[in-house]
Each structure stands twice: as C-alpha cells, then as structure tokens.
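S.K.: Sequence:
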Amino acid sequence: MSSNSFAYNENSGGGEATELGQDATSAISNSGALGLFSSDLKKNEDLKQMLESNKDSAKLDAMKRIVGMIAKGKNASELFPAVVKNVASKNIEIKKLVYVYLVRYAEEQQDLALLSISTFQRALKDPNQLIRASALRVLSSIRVPIIVPIMMLAIKEASADLSPYVRKNAAHAIQKLYSLDPEQKEMLIEVIEKLLKDKSTLVAGSVVMAFEEVCPDRIDLIHKNYRKLCNLLVDVEEWGQVVIIHMLTRYARTQFVSPWKEDDGLEDNEKNFYESDEEQKEKADKRKKPYTMDPDHRLLIRNTKPLLQSRNAAVVMAVAQLYWHISPKSEAGIISKSLVRLLRSSREVQYIVLQNIATMSIQRKGMFEPYLKSFYVRSTDPTMIKTLKLEILTNLANEANISTLLREFQTYVKSQDKQFAAATIQTIGRCATNILEVTDTCLNGLVCLLSNKDEIVVAESVVVIKKLLQMQPAQHGEIIKHMAKLLDSITVPVARASILWLIGENCERVPIIAPDVLRKMAKSFTNEDDLVKLQILNLGAKLYLTNSKQTKLLTQYILNLGKYDQNYDIRDRTRFIRQLIVPNEKSGALSKYAKKIFLAQKPAPLLESPFKDRDHFQLGTLSHTLNTKATGYMELSNWPEVAPDPSVRNVEVIELAKEWTPSGKAKKEKPAKKFYSESEEEEDSSDSSSDSESESGSESGEQGEEGDSEDSSEDSSSESESGSESEVENKRKAKRNSKTKGRDDSEDGEMENEKSETSGSSSGESSSIEDSSSESESKSESESKSRKVTKEKETKIKQDRNLVTKDVSLLDLDDLKLLDDKLNPVSVPIARPTPALSPSLIADLEGLNLSTSSSIINVSTPVFVPMKTHVLLHRMSGKGLAAHYFFSRQPCILGDKMVSVQITLSNTTDRKIENIHIGEKKLPAGMEMHVFNPIESLEPEGSITVSMGIDFCDSTQTASFQLCTKDDCFNVNIQPPVGELLLPVAMSEKDFKKEQGMLTGMNETSTVIILAPQNFTSSVILQKIVNVANVGVVPSGQDNIHRFAAKTVHSGSLMLVTVELKEGSTAQLIINTEKTVIGSVLLRELKPVLSQG
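Reading the sequence shown from the start, the letters are residues 1 to 1093 in this note's numbering.
Hints listed in this document are in silico derivations from the structure and should not be mistaken for laboratory results.
Think of the CB as a built atom: it goes at the ideal place given N, C-alpha and C, for glycine as much as any other residue.
Mixed in with the good hints there might be a few duds.
Stated by the list, open to error - Simulated restraints on C-beta separations: (1) Thr1066 with Gln416: 17 to 23 angstroms; (2) Leu112 with Glu45: 14 to 20 angstroms; (3) Asp613 with Glu186: 37 to 43 angstroms; (4) Arg344 with Glu1004: 35 to 41 angstroms; (5) Leu626 with Leu130: 37 to 43 angstroms.
Said to hold, decoys possible - Taking lysine to any residue pairs in the SDA-like style, the calculated list, with each CA pair at most 25 angstroms apart, reads: (6) Lys868 with Asp910; (7) Lys329 with Ala314; (8) Lys612 with Ser623; (9) Lys467 with Tyr568.
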C-alpha cells in the first residue's frame, strides 16, 4: 500500500510528495491497519491541497482525478467542501468538472450545496451554453423544497434560451421539479407546452419525456405538434426516439379509427343467415363505406419505418410495437426481419426480443414462419433463451414444418442442460395436442424416452404422456402397463404421482395390475412424498369402488396410515374419503354418488402457451416482460368508433405557411385558382381545404426541419427563376388565362389545372431561357419550332399524363394510400413541390432536342415520387440562414447537360438577411454550374426557392461552392445520388429490346437477388426502382419482367434496367448502358432496395 501512496504522490510532484511519503511510512511502521487508513486520508489531503492551490492547472488535474474516481464507483463525497469552493472559478474547464461533481453529490450534501445557489444563479446567465446547462442541472439536483421557486424561475428562463442544449436540460429539470413538488404541475405544463413547439431535434425527446412524466393525459398539447414530431423523429437522438414513439403509439390509439376493421367485417358474414333483411341491409351499407386511413395515421407509420434499420435495439423494438399496435395487419410483417436481426445482439436484448416475438407468434404465425431457422437453439445459448426459442418454435409449428421441428427436438432432448431437455419434452407434448396428425408419433417418441438413463427426462416424459393419454385413454392400455413397471425405478414425485393417477383413472382397463400397484404403494406409503401420498389415497378409493374384493383391506390400511400422517392435507383427505366410500350410519347422501364423484370423466388438459395472456400489455414494456402491471404503466386505449376531428392538427401548419411566405396573400391566391375548380370550391370548400392542408403538411415535413414552408415556397420558385422584366408579362397572361377559364364551364378541374399550369409556367420559362447565357437559340426560333409541334405534343403529353396518373394510382406507395378517390386530382400537385418545367415546355424542349442520340430517346414525364430534401446549410452553421435542396427530376432549362437543383433558402432569425448569392466555386475539372441571381434580402421567418443547374459530367463527384450573405460566406457542397443523374425515357418494348441487344457484353451488368416476399408485386417493384432512380416505365407484355429506361443527363447515354422474376423468391437485375461505372453504381444501390422488405 505504501508503494501505491508513493507513486500517487510522485505524480503530483514537488517536496510535498517526500513529506507525505515519510508520514505514510511512519504510520505503517506503527500499525498496519492504521497505515491503511492514513494512506487513504493522505490521498484525499493531497487532492484538497491541489484544489486550494492558486494554479488552475493543479485544480484542473485534481478535478480530473476526482471525476475519474466517481467514474470508477469510488466515494468522493468527503471532498465536497473543497470542490464547492471552486464553483465560481473563472476557468471554464474547471467549472464544467465542478458541475459534474456537484450533480452527483448535491442531493447528499444539500446544506453545502445551498450555500452556492447564488453562484448557480449567476452561472445561468453565463455566455457559455455548457455552463448554463450545467448550472441548471446542479440546481435541479438540490432536492430541497425551499428553493422550488428559484428552480421554477430558472426552468422558465432556460426554456426560452437560444441554445437548444440548455432548453434540453430545462426539459430534464421539469421532471426533477415535478417529483420534488407536484403542486407545480400547472406551471410546468405551460413550460412543456412551450417546449413542445420547439423545432430543435435536440429538445424533442427530452420534452416528450417530461410530458409523459408530468401530464401524459393532456393529449390536447400534442395535437398541434403531432406532425412536427413525426417529421423530426428520424433526426432525434435514439433514446428520444423511443420515448416519442411510445407516446405517439398511445396518441394514435385515441385519435384514429382502427385499421383492422376490414378483417373484422369478414367474421360477421356467418351471422347474416339468421338475421332479418333490414339488419342485413344496414350491415351492407356499413360495409359499403371502405376504410380510408387518416393521412396523419399514415404519416406516423411511414416516418417510423426507416427506424427499423436503427443500430439501437430499443428503437427497433419501439417501432415494432408501434407497427403491431397501430398499423394495418397486412403491413405489420415488415417488423419481423428487423426483430430477427436483433437476435444477434447480447443475451439481455435477445431475451426481451424473444419474449415479444413469442407473444406476436401466437396471433400471427405467418410473420415469423420464413425465419424459422433463426429460432433454432444454439449450444451457447443460456437456458432462458433456449426456453423462449422453444416457445416460439411451438407457436410456429404446423403440418408443413412439424417433421423438421420434431427432428430438431430429438437433438434437444439429449442436451446436458436438464432444464432445457425437460422443457423440450413439454414442447413435444404441446405439438402433439395442437397437430393431431403427429399425436401418435409424439406419443411413441415419448414412450421411447421412458427407457432413458436420465431420471429427469423420464419423469418429464411421464407427466407429458399422462396429459396425452387423457385425450384418448382407451387406445393405450399397453403404455399404461409399461408405465406401471417404471414405479420401481422412478423417484421423482411428480412422475410417480402421474403414473398413480393414470392407473387410478384406467383401473378398469388394467384390473390385474392396479391392485398390485396399490399393494406396493401401501408398503412404501410412509416414505413417499406428500404429492404421491395423495394419489395413493385416490387410487385406493377408486379401486375400493370398482374392485372391493381384492382391495378393501388394502384401502382400509392406507386410510389408517393417512389418518395419523404429519401433513394435515393428507389427514383431511383421509377423513373425507373414509366418509365417502365406507358406508356407515353417519354417512350422508353423498356416499351414494361416490363412484360418480371419483370416476367422473375428466376433461383433457389444454396445453397452452404461457404467453397467451400477455397480449393485453403493450409490447416492449416492463409490464409485458413481467406479465404483471408495473408502476407507472399506462394501458393502450381501445380504438375510437368515430375518429375525433382531424382539423385540430391543421392549425399549426396553416400558421407556419402564412408566416413563412415571403410574397404576400395575393400570390397565394393564384395557385388556389389553378389547383381547384370553381365548382369544387363552392361544393367542398371546407373538406378539400382541411384535407389538402393536412396532406401538404405531412408531406412537406419529410423535407427537413423547415420543410413546412415548402407549400408556400413553391409559389415563389417559378417567379424567382424568371427575371424581373418578365414578371409583368406573367401577371397579364395569368389574368387572360383566368378569364378564359371562367368562360369555359364544360371542362373539369383537372383540365383547368393543366391549362393554367401550361400558360403560367411557359411564359415564366421562356423569359428565363432568354436570360440564361447557355441557351444559343433566339426566342423567335424557339417559338416557330414550338408552334409546329404544338398539336402533336399536346395530345402526346395528355396521353402521357393520363398514363402517369393511372400508374400512380396503381402504385403501392405509402403516400398514395392516403388519398381518397375524390382528392386524387387535387392533392397530388399539392403534395410535391411545383416542378421547374410545365408539361407544355417539356413538349417544346422535346421538339428542340439537338442531341445526337437515336430517335427513340424522348424524355418523358417522371413518375411521381415524394421529393427527398437534403440539408445544404444548417441554420446553426449558417447563423440563422438555412438552405435545403432537392432534385426536381425535370430537364434543366439552364442547360441541356445540367441537372436541375431546387434550393430553398429560409431565414430563421428575427432580422433581415441581405445579398444572398453564390461565392467562390470549387468544381472538379469539366464540371459546370449555373448559379441563381443574387437575392437582395430575405425577411425574418421568410423563405424562397431558387433554381440552379449543375453539370455533374455523369459522375457522383461533389460540387463545392460558397453560399454567401452580405456579412458571411459558408462552404457548402452538393453530391448527387446516381439515380438523379438520369432523365426518364419513353420507348416501346420493341425499341427497348433492340437497344438492349446493342448494349451487351461489357455494357451489361447483372446480379441475382433474393426478393423480400412483399416485393413481388409490380407496383412495389416500380415504387422501389423509381424511388432510387429517375427512370421511365417501359410497357411489358410479360408479367414477370419489368423494364425501365432512362438516359444520362450529360451524355444522353441510354440506361436500361430489367427486373426478371424467377422461380422461388429470386430475381435477376440487369442494367445495360455504355456508362458502365454509373451502371455498376446503380446496380449496387438497387440490389439492397429490392432485397429488403
């Protein structure tokens, strides 16, 4: 010990080390025990001296050592007075470590901590966010009621702090204050309501945790923030995701109608035979109303789906329980693969996951049947995991796989783990009762186990055989005789009792053996276990009633032994049986029915899963694991019969749209006239507006934190692209279009949309083509050429649009499941940002196509997919300026070799941002960029969408440049996914095959993939491919072959994609292109998308 003290003090340096070492040595020489304690004291004295030093370096070193002691679990509480003196240190590093120490020990040393409250209050105003947060954390850790008002004030101030980290700590402090003083609930709810509106992902998880702790029943606080929470979910930290998902699961069960209604409707068909015609009509009317999922319900399911890939097991489990409890049964299957993946984790994680799978597999076997082999037992598994896997295998057993499972069970029975072997025998018994085809096979196998050397295996086999024989006892007299012989060798009480019960129940079928067994048992009665004694008494009573000549004296002997037994249960049973079977004067009327009582037909026992009754607990909770209601558990409510008003969730979206629109009310009215016809506005104004608002809100949220402004920024995108000179012309043309539209009443709303979009956007686009330096043709040439092809192209575009809308309605896209048939033409254009090009301009550009590629390459309208928004500049990095970008998937008007990129700029500060422009460009060789015109100013909370064109030279290289304001420049970069370097091409199947025949050999890459079961439908394959790559659909005459065509933006090279479904679950993915590098990259990206569920 002395050497340790020397080494410790040498590190601290100076003459003090020698002095302390001498003290320690002298102490040890006096007494070994005393030296032990003095050494510890000297260590702490050393630290105290360092803390009182004038040098910050010594204090910092001391604090690091103290925090290290705490991390190792050592007690450092006696240093509290020395540490707390440094709470006002000017050195930030020391202050941070002091606060870490105080958070740990403030609750134990409350009196000393109270002396420093004024310091903590000053620290709450510190310019460093870490110091402010740490001060609040320490303050909330001092659990003294007298400082509750100070804590309340500090939490209110911190909740309005500019730093999200401090606001996060304010949310944590709410829970501590509530547990200290529940009377502060109302004031804390106000703070929670304020923090719930916070847009920071750092705060979201913590404030929801506070909400769950303080006021979980205040669902009204969630309404306005529901969509925001759904959209922020992916970016929240992992433990915050778990809390939010559990809260949103409860919310969904109270606000949406059950998605399982369609399944329930089928069960009622049988009852209709007995019902009157009127009742049948009523039911038929109810069934006519198809179930349509609420858009917000779909938003939650869609936004949690990516989290199934999370590395955190708790997040995956939370999403799995959400899908189980609130998604349609047809969609819940996707969670099975993710849960099976978790079985590679630690044994603790495996235990929880397997428990939940065991519950799920009882109700829906089909979910986990494809992964049957994943539940096979490994020799390294602990017993608790083995028994759970057995449980799941039993639940999944059916006529198809039982033979495989029984072979597996035969191996398990030989295991050295006796508890596991016994559980396996019980499993075989359950399989025998559930699947009648294998009952005899299982019974024969269990009888073979009766000759096993291991007594535990034999005993368990006896118990299971007893249960199986109850189902059909008449056929198995030989087995009962065989088991009677085992009484001489088996010593396990449960097994002996089971054999005696069997012989007693079937005493008339084995009239010779039964009395002999009773004779043997009478000899050993006094030495038997209590359980066996009770069954001996029962056997004696049954034989007395059926074969009294041979067994009368034996039974009386056993009853006399039982009369004086030490166990009162046996004495009571003896008295009861004697009065019942031996008639005398005192016998009551029951003795007449003794035979019926003892030899009554017993029902066969039901061998049920121990997890059968756990499904009423929410999956993934402690209550489900323990199978009992834990403290703080909140039950999931039943689905409401009628959904509450969904408009309560629209309020926030409307306010945000108004707040973030930079171009005023007049410009918002234009698209309203374009998207909605007058008749629709008059008839369904309220319905369509609320639905479209909810739809647009849910869609736009996917595109980043500030994505809610997409709806309003769409309107300004086309105007910002065109020059200021053409703005007046646009307005005049828009007025003319509105007049002509008002005259023509015969056309429906969809045709009006096409006309207004065509006229409005073509004027804007023509002006922007004039301004762009890359366009060499003059305006007159373009107009004359466009007139020639107008008639042909207009009809073609209309056909293309009709085809696209048909394809879209067939797609199994998550977004389109939201849309009712009536809303389809309305909500599709709202749900996605306005394209950079109108259909008529696409037609004009097709006519002006100057590329040298073959004549069949015609750019088609892209298939509708939800736009994926990427962060270009985060608002924290951009000092309040946020920028997001997405690829519009349309031909770029700024250059025929450029990819069109739409950038949304948002001002999140309270001051005007001036002169937003592109600064220095750092582009690889050959890459070109067409920048947007400088923006003079951007109002507070305003946003604007601008267009850029980038020629990536058919590569995924990063385009780096500076996004500048009047005062600052920020380095940003855009890296395109390979699928965005393409434009969709319309071609026939014949042309596709012809081009494919020319692109073979080195120009062809292919791979064989194993498709997920749900990926076999054409609509799902189309969705998966189009989400990854901007390709066009080629009509195919074969159901098992799906073809897609596109061309690269820069070189115009064809990209042909073929998915050919093979037998089983395999498919071949083929890509033909001259650009072999892009082809191989695209192949790599498509393969996992098609393989996974």
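S.K.: Next, verify each hint and record whether it holds.
M.R.: Now for the hints, and whether the structure bears them out:
1. Here the CB-CB span from Thr1066 to Gln416 is close to 40 angstroms, at odds with the stated 17 to 23 angstroms.
2. The hint said 14 to 20 angstroms for the Cβ distance between Leu112 and Glu45, and at roughly 19 angstroms that hint holds.
3. Take Asp613 and Glu186: their Cβ atoms lie about 39 angstroms apart, and the range 37 to 43 angstroms holds.
4. In this structure the hint that Arg344 and Glu1004 lie 35 to 41 angstroms apart at CB holds, the actual value being about 36 angstroms.
5. The hinted window of 37 to 43 angstroms between Leu626 and Leu130 holds, with their beta carbons roughly 39 angstroms apart.
6. At roughly 28 angstroms between alpha-carbon atoms, Lys868 and Asp910 are farther apart than 25 angstroms, so this suggested pair is violated.
7. Proximity of Lys329 to Ala314 is assessed by CA-CA distance (about 22 angstroms); at most 25 angstroms being required, the pair is judged to hold.
8. Annotation: proposed proximity of Lys612 to Ser623 holds, straight-line Cα distance about 14 angstroms (limit 25 angstroms).
9. A hinted pair counts as satisfied when its Cα atoms are at most 25 angstroms apart, and Lys467 with Tyr568 does not qualify at roughly 28 angstroms.
Hint compliance for this structure: hints 1, 6 and 9 are not met, and every other hint is.
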